[in-house]
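Trainee: Given chain A, work out where chain B should sit, using these hints.
Protein chains in written order, with our numbering: chain A, 752 to 1057; chain B, 67 to 326.
It is worth saying that the hints were derived from the structure and are not from the lab. Watch out, some of these pointers could steer you wrong.
Stated by the list, open to error - Covered stretches of chain B (in silico footprint by chain A; criterion: 3 or more residues with CB under 8 angstroms from a CB of chain A, positions within the stretch not fixed):
id, region
1, 122-130
2, 303-311
Claimed, not checked - Pairwise CB distance ranges, derived in the manner of DEER restraints:
id, chain 1, residue 1, chain 2, residue 2, range
3, A, 975, B, 247, 52 to 58 angstroms
4, A, 828, B, 87, 45 to 51 angstroms
5, B, 235, A, 838, 56 to 62 angstroms
6, A, 861, B, 87, 57 to 63 angstroms
Positions of the beta carbon are idealized from the N, C-alpha and C atoms, including for glycine.
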Amino acid sequence: MQNLEVDLDKLKIKNPILTASGTFGYGLEYTSFGALNKLGGIITKGLSLEPRQGSSGHRVFETPCGIINSIGLQNIGVKSFVQDKLPNLPWDQTPVITNIYGNSISEFEELADYLAGQKEIAALEVNISCPNVSAGGMLFGQDPDLAGQVCQRVKSRAGDKPVIMKLTPNTGDILGIARAVQDAGADIISLINTITAMEVDIESRTPVLGNVTGGLSGPCIKPIALRMVHEVCQNVQIPVIGIGGISSARDILEFILVGAHAVELGSINFSRPDISFQLVNELSRLTRELNIGSWEEFRGMLETQG
Amino acid sequence: MNRQANSNQEYVKLRVEDITSFSSKKFYHLRLTSPGWNWKPGQFVMLRPNKWTFDPFGARPFSIADDDGKNLHIYFQVVGKGTQKLAELRKNESVMVWGPLGNHFESDPNVPTLLLAGGMGIVPFVGLVENYPNPKNLELIFGHRHDIGNYPYNLMARKILTWNVQDVSEKDLTWLERALRIKMQGYSEDGMIMACGPRPFLQLIQQFALQFNVRAQVSLETRMLCGIGACLGCVVQNQQQENIPVCSHGPVFNIQDVVL
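The shape of chain A in the complex, shown without the other chains:
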């Protein structure tokens, strides 16, 4: 496919490759590895109203085919991002999407309010799924009513910015949550965030992470992510962005085949810092190889029996 453009209804991107929040810093860290404007979009590290110091103790641990992290949403704060980082990003050439995190619904509102006024920001991704913070975080994403409320209130303050709701897999009712945010006016859904997990050291008899538990990510979670994205795509009408262990052009097509419009690349950015850029080329090549002429003819075309 020559033209990899994707139309997410309220958001148009030049290709379906976005960078997952928390795995691509503020974007500028990766300028030595490729041209940022080549990407479908850049999603920032989760931003809060005030700077956050994050978790103490060990924060990352490698597991087979993945990592567990508990960074605890350390970030420089939304204002510092807008003042110090945003002007240096190629926002006029590729969408810059801010991932936002609030301790309360009113903090989410305040964040949306502030960002609605920033012309350089293309959309908001609302983090109701972080497993590593004590207040709010994942709780908002585990209760359909709360998830809907956060969405509706952010939406009411976000002006014309599209609102992406990022869902957690740590719930028994992913469809209930997805439907709730759709009903509350979400423009796009992205999933999955990390899966709650832990590792322990039998010699020291302690958890390997300072926070005891963390979020598992990387290729080991891809089949779980694919299943959940498939399930959500079957049941909502708004565009879905697939996230979870994606590391190749083939993986990207798998998510699109089950119904996703676009994807976010996460942990793999740490192992291969050039990969988001490289996969733009590889995706173009692979779609040609498979004779995929347009996204419309391939997206959601998984053939299941019965």
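Mentor: Quick look at chain B alone, frame taken from chain A:
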């Protein structure tokens, strides 16, 4: 010392020229084709062999021991799954490397400088000693647990005054502590210290540095994922209780600035 030297970072494929083990099979010297970087002692690279699939998942950080224009020299000790797999590298295989990362030691050839290294903490000093304009002004104290033949110590002993203490027993540790105390005091007037090694070793050095008011820089060893300040997995706390990424704001810090 918060300079972020990321303007000349590169992501390159390098070829293994040679990998040799020291006297025990736990310590290795890896020689790669030189990327021809402009680097300074204290800086490091992230390294991941091309043949690795997803397990181990991430790259590994290593100090740049030296780059003589022909080869980039890396030394490592097998401590886990990743380094065990690295030891299986063979001549002509390729590795992906990104660097030079982080900041570096601030050296001044006119200032008498005491190098304090614990175990593999000796590695960043290899290139410093090798390329130092005034070796007479350098002195090294090296504390190590394993046999001295496992470390690139002899290279340095040929060029500068060196002392080594093998700490096997409690008594040896007391001896090392005494040596550090006496030596560091000697540098408090007009000298400075550069240190690298395990945390307990650095904590002791920090305690003496503050006690004797001696200028000291410390290079921190931490687990890292990205090496470029993106994941925030490798933070250390500064005196203002802020969590600072070691990879992008370090690995070298003024010793009074960090909580060890």
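Trainee: If a hint holds in the structure, say so; if it does not, say that too.
Mentor: Comparing the hints with the structure gives:
no.	hint	verdict
1	122-130	holds (count 4)
2	303-311	holds (count 4)
3	A/975 - B/247: 52 to 58 angstroms	holds, 55 angstroms
4	A/828 - B/87: 45 to 51 angstroms	holds, 48 angstroms
5	B/235 - A/838: 56 to 62 angstroms	holds, 59 angstroms
6	A/861 - B/87: 57 to 63 angstroms	holds, 58 angstroms
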